[in-house]
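A.B. asks: Residue-level listing of the chains:
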Amino acid sequence: MKLALTINCWSDEDLLFASQFGVTHLLAEASIPQGLQWDRRTLASMRNRVEKAEFTFTGLAGLPQPFSISAYLQRGLNNDPGREQGLDALCAFVTEAGAAHIPLIVCECDMPGASESVIAPEGRAGALIHKYAHSTPADRAIIAGLWQHLTHWLQRVVPAAENAGVKLAFGSRYVTEGWLDSIGALQNLLDAVPCPCVGLVFNQGVIAQMPGVDLPEAIRHFGAQKKIFLVEVSNLRSRPAHVVEAFLDEMAQEAKPDSGAMLRVLQANRATGYEGPVQPVTPPGIGGDTHWGHKGQAFNLGYLRALLQVVERA
Amino acid sequence: MKIALHVGPTREEAQFAAQVGVKHAVIGGPDSPTGIVEYEALTKQQAMFAEYGLEICAIENVPIHFYDKVMFGLPGRDEQIDNYCATIRNMRHAGIPILGYNWMLLGGITTDYVHGRGGARERRFELPSALRNPTASLEWRNPRGTIHVPDQELSAEQVWDNLTYFLQRVVPVAEECNVKLAAHPDDAPFPSHMGVARILWNLDALQRLIDTVPSPCNALDFCQGTISEMEGVNVIDAIYHFGRQKKIVFAHFRAVAGQMPRFDEVFMDEGDTDMFAAMQAYKDVGFDGPMRADHTPGVVGDNQYAHRGFAFEVGYMRGLAQAVDRFRGVSA
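Taken in order, these protein sequences are the chains called A and B.
Using the numbering used here, you'd call the opening residue of the first sequence number 1259 and step up by one each time.
Using the numbering used here, you'd call the opening residue of the second sequence number 125 and step up by one each time.
Hints are not guaranteed to be accurate.
[As the list claims (entries may be wrong)] Here are some, though not all, of the chain B residues that point toward chain A, as calculated from beta-carbon distances under 7 Å:
#1 Glu136
#2 Ala142
#3 Val144
#4 Gly145
#5 Gly242
#6 Ala244
#7 Asp393
#8 Val424
#9 Gly425
#10 Arg432
#11 Ala435
#12 Gly439
#13 Arg442
#14 Leu444
#15 Ala447
#16 Arg450
[Unchecked claim] In silico contact screen, one side only, chain A against chain B (beta carbon under 10 Å); selected entries:
#17 Gln1278
#18 Arg1382
#19 Leu1506
#20 Arg1522
#21 Pro1542
#22 Gly1543
#23 Gly1545
#24 Asp1547
#25 Thr1548
#26 Lys1553
#27 Gly1554
#28 Gln1555
#29 Leu1559
#30 Gly1560
#31 Arg1563
#32 Gln1567
Treat the hints as calculated values from the structure; they're not laboratory data.
C-beta atoms are modelled at their ideal positions from N, C-alpha and C, and glycine is treated no differently.
So here's chain A without its partners, still in its complex pose (with noise of 0.2 Å):
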């Protein structure tokens, strides 16, 4: 397995940073300098500056914002008629991300505004974190419609991702009660279009917070099927508001999942076989660090590093 990370592949220093701490592949945030345009120009100059740093280009880490998901569904649920014009300027984007050789696009599917965060500094010794607010279940009608969109969407999009050669790999950021929230329903997803170009981001934190959810289980169950495409490691705790962020060290001090989670969660990845990359996602802020928390990332991806050894030796 490989370690990976999310950075803003314009930033020198970013490029820089990722290279001194051994990551090897890496996904672009989906923003690109003011003046240029999401066309496969810039996305190949974007690859380009990954792999002149010498880094295996994993692909972007998100849809443009234009493209988003959960901003489509939000307007098929409020009927709007112009999302159809939004669908074709995707697999526009789509054709030009494959002309440009972006190998895989993350697509985060939340429920639109089904989740409310906050930052807090109530993380450990005051470290800043996202407190993401528990979800009301949305109505079934509402889950049907939203169901209902998202299978439009992987319709007219997975043909263009095909065509494209651009893989696309689904998940979401906090679980939400009735969407999205069991593996059943990651496999409606996955079969709702059946097509090799889609798989999922197994984010263990956000998979682990569905109910009765095995995450060795769950890996053996979508591994075996070759459908992981990218792994996150995350540290998400369900408290009686919220779910909180924290550091990955700290699942040690939890009962459940136990000492062992992410460590397991790695040696079951490797055990199907996958032996893609791994990133760890945003950590709580360090006093004194930049926006977009450059010691904290430093210390997560330590603590996976360490954990991608004790694996690849076993």
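Position chain B relative to chain A; hints supplied.
C.D. replies: Only chain B this time, still in chain A's reference frame:
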């Protein structure tokens, strides 16, 4: 074991250590005109650290001018030894159990800084270069220019005599105060520089130090980096050798590529040592003292405290320690 960091006296440093999960701080002995680490200075720092949940677990090195006459065997050494003992008594009162020290008369030796992974700034030592440019290899220690060029030669036996003189007088006081003395090996580990012997440069010498004044309080600051720099040494075996004697009371976790006569300090994950096996070895011998992230390569955009570099190192150590515990079936 206790994963530790060298923490300076500012709140920014204390908060950083606490946020990366460190609970045990190693400090440098505060300077004072008396030549003694004063009790009040320790308790003041303890009180500030306590606000961040940090405990001072060791003092590592008092200012060199607190005991330079002892190392060189110069007049005035008895007064310095008395002061050193007063420091130990102050540590007892403050409840600080470990005093790290080194016996490098000319200090640590580095010959160059080179670009490592991703251009990170890494320390290099090359023996031919140290011998060719002896003063240059000291210069890095003090960019303001006041390096200590010796005005006399000292043989290994003279330096051993000076160390023995020190230990015979200080170890009984350490025992009385239940403060453990932890000797750091000579970095870089080679036998002589500018005519002044360096004596703690191989495993036999470390054993000799322990045996010179046998006591539970006469022990080692096991600098894994320095020991892995020693030519032909298997550092994992060395952990077992000294750990089984309960002579590792303090450890520095560090990785090195190469051995004498040339080595580079690298990130923890890219050195020659199997760091998982090393961590396992410390646990196997029951080491329960502080283990601190030692040096870090210099990385882009870092602050004066090298917090990015140390964040990576502490994260790496924590990951390894938890993985070892997992394999041993212990709750981390």
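A.B. asks: It remains to establish, for every hint, whether it holds in the given structure.
C.D. replies: We went through each hint and held it up to the structure:
For the restraint placing Glu136 of chain B at the interface with chain A, the shortest Cβ-Cβ distance is roughly 6 Å, inside the 7 Å limit, so the hint holds. Restraint check, Ala142 of chain B versus chain A: the minimum CB separation of about 3 Å is within 7 Å; hint holds. Interface restraint check: Val144 of chain B against chain A, minimum CB-CB distance 5 Å, threshold 7 Å, status holds. Interface hint at Gly145 of chain B: satisfied, since its Cβ lies 6 Å from the closest Cβ of chain A, which is below the 7 Å cut-off.
With a cut of 7 Å, the hint placing Gly242 of chain B at the interface with chain A holds, because the nearest CB-to-CB distance is about 3 Å. A cut of 7 Å between beta carbons decides the hint on Ala244 of chain B: the least distance to chain A is about 4 Å, and the hint holds. Below 7 Å, beta-carbon pairs count as interface contacts, and Asp393 of chain B has one with chain A at about 5 Å; its hint therefore holds. Evaluation of the Val424 of chain B hint against chain A yields a held restraint, the C-beta minimum of about 4 Å falling below 7 Å.
Taking 7 Å as the C-beta cut-off, the interface hint given for Gly425 of chain B holds, the closest approach to chain A being about 6 Å. The criterion of a C-beta within 7 Å of any C-beta in chain A is met by Arg432 of chain B, whose closest approach is roughly 5 Å, and the hint holds. For Ala435 of chain B, the shortest C-beta to C-beta distance to chain A is roughly 4 Å, which falls under 7 Å, so the interface hint holds. Proximity of Gly439 of chain B to chain A holds as hinted, the smallest CB-CB distance being about 3 Å (cut-off 7 Å).
At its closest, the beta carbon of Arg442 of chain B sits 4 Å from a beta carbon of chain A; the interface hint therefore holds under the 7 Å criterion. Among the interface hints, the one on Leu444 of chain B holds; its C-beta lies about 5 Å from the nearest C-beta in chain A, closer than the 7 Å criterion. For Ala447 of chain B, the suggested interface contact is upheld, since its CB lies about 4 Å from the closest CB of chain A, less than 7 Å. With a cut of 7 Å, the hint placing Arg450 of chain B at the interface with chain A holds, because the nearest CB-to-CB distance is about 4 Å.
Look at Gln1278 of chain A: its Cβ gets to within about 4 Å of chain B, closer than 10 Å, so that hint holds up. A hinted interface residue such as Arg1382 of chain A counts as satisfied when its beta carbon comes closer than 10 Å to some beta carbon of chain B; here the least separation is about 6 Å, so the hint holds. Against a cut-off of 10 Å between C-beta atoms, the interface hint on Leu1506 of chain A holds, since the closest Cβ of chain B lies about 7 Å away. Taking 10 Å as the C-beta cut-off, the interface hint given for Arg1522 of chain A holds, the closest approach to chain B being about 8 Å.
A hinted interface residue such as Pro1542 of chain A counts as satisfied when its beta carbon comes closer than 10 Å to some beta carbon of chain B; here the least separation is about 8 Å, so the hint holds. Using the Cβ-Cβ criterion of 10 Å, the hint placing Gly1543 of chain A at the interface with chain B is satisfied: the shortest such distance is roughly 9 Å. Below 10 Å, beta-carbon pairs count as interface contacts, and Gly1545 of chain A has one with chain B at about 5 Å; its hint therefore holds. Nearest Cβ of chain B to the Cβ of Asp1547 of chain A: about 8 Å, under the 10 Å cut. The hint holds.
With 10 Å as the threshold, the beta carbon of Thr1548 of chain A comes within range of chain B, its nearest partner Cβ sitting at about 8 Å, so the hint holds. With its C-beta approaching chain B no nearer than about 5 Å, Lys1553 of chain A sits inside the 10 Å limit, and its interface hint holds. With a least beta-carbon distance of about 7 Å to chain B, the hint placing Gly1554 of chain A at the interface is held under the 10 Å criterion. Annotation: Gln1555 of chain A was flagged as interfacial toward chain B, and the flag holds, the nearest CB pair being 8 Å apart, inside 10 Å.
Taking 10 Å as the C-beta contact cut-off toward chain B, the hint placing Leu1559 of chain A at the interface holds, the least distance being around 6 Å. With a cut of 10 Å, the hint placing Gly1560 of chain A at the interface with chain B holds, because the nearest CB-to-CB distance is about 3 Å. The criterion of a C-beta within 10 Å of any C-beta in chain B is met by Arg1563 of chain A, whose closest approach is roughly 5 Å, and the hint holds. For Gln1567 of chain A, the interface hint holds, the least distance from its beta-carbon to any beta-carbon of chain B being 6 Å, beneath 10 Å.
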